[in-house]
Amino acid sequence: MYGLVDCNNFYVSCERAFQPRLLGRPVVVLSNNDGCIISRSQEAKELGLKMGEPYFQVKPILLRHGVQVYSSNYALYGDMSRRVMHYLASVAPEIEIYSIDECFLDLHGLEPYCGNLVELVAEWRRQIGKRTHIPVCIGIAPTKTLAKLANRLAKKLPASNGVLYLDTEERRQWALAQTPVEDVWGIGGLYAQKLRAQSIQTAAELAAQSEGWARRQLGGVVGARLLRELQGTPCQQLAPSEDGSLARKSIACTRSFAGPLSEFSDLMAAVAHFASKAAEKLRRQGSAANVLTVFISKSRYGTEPPPHTHSAVITLPTATSDTIELLRYARTALKRIWEPGGGYKKAGVLLDGLEPTGQQQLLLFEPNEQAERRAQLMAELDKVNQRFGAGAVRFATAMPRERGVAPWQGQRQWQTPAYTTRWEDMLCIRV
Amino acid sequence: MCEVLFVPVIRRPLWLTFFDSRVSAGFPSPAEDHRGEKLDLNKLLLPHPDSTYLVRVMGDSMTGGESGIRDGALLAVDCQLQAQPDDVVIAVVEGQFTVKRLVKRKGDAWFLVPDNPTYPEIPINEPDLFDVWGVVTHVLTETRRSRTSAHVRVS
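As you go down the protein sequences, you meet chains A and B in turn. For the first sequence, my numbering gives the first residue as 4, with consecutive numbering after it. For the second sequence, my numbering gives the first residue as 612, with consecutive numbering after it.
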């Protein structure tokens with residue numbers, strides 16, 4: 004059996020954990036730069052506010068209904084996520100952190116020892132609520148795809164008390180019939196359109212198809228797997244990190260800008276800043292990256308036609324966590340995609356193909372001695388920045404051209420304090 | 612796309628050497644033989660780091676009593692503990708945080724009692740509007756002004 008734990012309206016719930024007065028009131032959290040809505044409380048959903056709606060478009064509705072608006076506070080969300088995941092890792096046999104607010108559980112073989120699975124995970128749910136004040140829902144089913152589907156229904160049905168177990172054939176059929184086809188994990192917008200055109204409306208109708216049909220219609224073996232998962236045969240296992248640690252498989256650092264940037268040097272400064280931060284995170288978890296992706300985006304609300312985002316992917320000759328190396332390749336990547344005159348609103352750096360440091364294949368012609376000294380330099384750099392604050396020592400490429408606020412720092416007008424990760428922001432109670 | 616950052620609680624052990632032998636003045640003690648174990652203060656104060664939060668207190672409604680929570684004190688709050696009668700708790704009353712002692716009196720009547728007798732007690736009449744957010748396990752105060760007092764956030 005697999006479980007999927009999903010934190011309800013995660014970012015809003017994090018804000019509520021430290022501001023209980025927000026319970027029962029409409030609350031939204033905006034994306035970086037206060038761009039658009041990325042988390043909504045149930046009350047905000049009921050007002051008709053949608054995910055991804057730009058703030059400027061819904062501002063009148065927010066004002067009219069007295070909706071509490073917050074800028075995103077990732078220092079807080081990251082810490083609260085870690086607390087939830089650590090707890091799950093301490094009680095479940097195996098976990099796979101799927102995103103900041105979702106986690107798959109491997110529950111195989113638990114039933115003979117722990118008895119009723121529903122009672123067991125209901126207790127986990129209660130404990131998470133007590134320890135972190137974050138409400139979660141848990142779906143349990145024979146496959147990951149069905150667990151995800153069960154989770155969605157657990158959220159919708161108040162009678163489930165946040166836990167839904169698809170343990171019988173009748174329940175599986177019932178759950179499939181309740182689920183619109185576009186809400187099945189792995190069915191994107193395009194496939195959903197295609198399926199609806201063939202009058203397949205629900206997950207139940209999809210599950211009734213043949214495997215050969217799925218191979219033809221849903222992209223080969225991936226589609227066939229999806230179908231079998233819906234039919235109750237597991238085709239996907241958990242993908243926990245090998246050593247059972249919570250290290251991530253990829254690291255992303257992206258931001259939108261306060262205003263559009265056009266000059267290469269300005270964009271390079273932003274990209275270099277993101278690459279430096281990503282490299283620092285990489286070293287903190289003891290990993291090295293094999294693949295570097297740089298992307299830059301123009302405004303989706305401008306006059307230009309799509310595509311708005313351009314990206315370049317570079318496979319590194321050896322896995323590295325060396326900022327100097329990564330900056331060099333980031334510059335090459337940016338040169339490939341940057342065009343003069345484009346007003347770019349957003350950029351980002353992604354590091355993929357992570358492996359633990361020390362396992363890299365060495366290049367025949369790379370002088371090893373220098374690599375060691377560079378690793379030492381990076382360790383010293385991290386130590387200095389940890390002691391004197393982030394960015395105390397930086398690469399000149401990563402400096403904004405003009406003094407003052409860097410364009411990628413953006414606006415965070417309504418950000419709450421980082422209650423759990425900064426001494427200055429600690430929760431303060433008047434008594 | 613957004614940045615996803617997992618921030619670890621900094622919980623590097625702080626090793627203090629604990630000597631378990633009495634000092635005998637005037638006699639050179641072979642210290643090696645008497646060195647005790649090393650103590651990790653974090654282990655003592657934060658046994659459950661994933662459910663413990665640090666909270667700063669402002670105000671004097673808890674001063675003068677047994678808890679010793681002075682204005683500006685730093686509290687370690689463990690949310691996984693079940694509150695017992697006479698625990699000092701972080702309570703939520705009508706949507707607001709407060710720090711008080713949870714007291715049970717005759718007839719299953721519960722009160723939030725300040726340590727400072729000049730402040731009023733809060734009877735818990737409507738359990739629906741009341742919640743225990745966490746249990747205060749330790750209080751950190753300073754005997755002289757130094758680094759921790761710089762962390763008071765005036766709001």
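Certain hints may be false.
[Said to hold, decoys possible] Per label pair, the in silico range of CB-to-CB distance:
no., chain 1, residue 1, chain 2, residue 2, range
1, A, Glu126, B, Ile735, 54 to 62 Å
2, A, Arg433, B, Pro734, 17 to 25 Å
3, B, Leu656, A, Arg415, 55 to 63 Å
[What the hints assert, rightly or not] Pairs of lysine-lysine, DSBU-like flavour, derived with a Cα cap of 30 Å:
no., chain 1, residue 1, chain 2, residue 2
4, A, Lys62, A, Lys133
5, A, Lys301, A, Lys280
6, A, Lys197, A, Lys48
7, B, Lys715, A, Lys280
8, A, Lys284, B, Lys654
9, A, Lys133, B, Lys715
10, A, Lys133, A, Lys159
11, B, Lys717, A, Lys133
12, A, Lys197, A, Lys53
13, A, Lys159, A, Lys197
14, A, Lys197, A, Lys158
15, A, Lys386, A, Lys280
16, B, Lys654, A, Lys386
17, A, Lys48, A, Lys62
18, A, Lys284, A, Lys197
No lab work stands behind these hints: they were computed from the structure. C-beta atoms are modelled at their ideal positions from N, C-alpha and C, and glycine is treated no differently.
Hint-by-hint comparison with the structure:
{"no.": "1", "hint": "A/Glu126 <-> B/Ile735: 54 to 62 Å", "in the structure": "violated, 26 Å"}
{"no.": "2", "hint": "A/Arg433 <-> B/Pro734: 17 to 25 Å", "in the structure": "holds, 20 Å"}
{"no.": "3", "hint": "B/Leu656 <-> A/Arg415: 55 to 63 Å", "in the structure": "violated, 32 Å"}
{"no.": "4", "hint": "A/Lys62 <-> A/Lys133", "in the structure": "violated, 34 Å"}
{"no.": "5", "hint": "A/Lys301 <-> A/Lys280", "in the structure": "holds, 22 Å"}
{"no.": "6", "hint": "A/Lys197 <-> A/Lys48", "in the structure": "holds, 28 Å"}
{"no.": "7", "hint": "B/Lys715 <-> A/Lys280", "in the structure": "violated, 52 Å"}
{"no.": "8", "hint": "A/Lys284 <-> B/Lys654", "in the structure": "holds, 26 Å"}
{"no.": "9", "hint": "A/Lys133 <-> B/Lys715", "in the structure": "holds, 22 Å"}
{"no.": "10", "hint": "A/Lys133 <-> A/Lys159", "in the structure": "holds, 22 Å"}
{"no.": "11", "hint": "B/Lys717 <-> A/Lys133", "in the structure": "holds, 28 Å"}
{"no.": "12", "hint": "A/Lys197 <-> A/Lys53", "in the structure": "holds, 24 Å"}
{"no.": "13", "hint": "A/Lys159 <-> A/Lys197", "in the structure": "holds, 26 Å"}
{"no.": "14", "hint": "A/Lys197 <-> A/Lys158", "in the structure": "holds, 27 Å"}
{"no.": "15", "hint": "A/Lys386 <-> A/Lys280", "in the structure": "holds, 14 Å"}
{"no.": "16", "hint": "B/Lys654 <-> A/Lys386", "in the structure": "holds, 24 Å"}
{"no.": "17", "hint": "A/Lys48 <-> A/Lys62", "in the structure": "holds, 15 Å"}
{"no.": "18", "hint": "A/Lys284 <-> A/Lys197", "in the structure": "violated, 41 Å"}
Hint compliance for this structure: hints 1, 3, 4, 7 and 18 are not met, and every other hint is.
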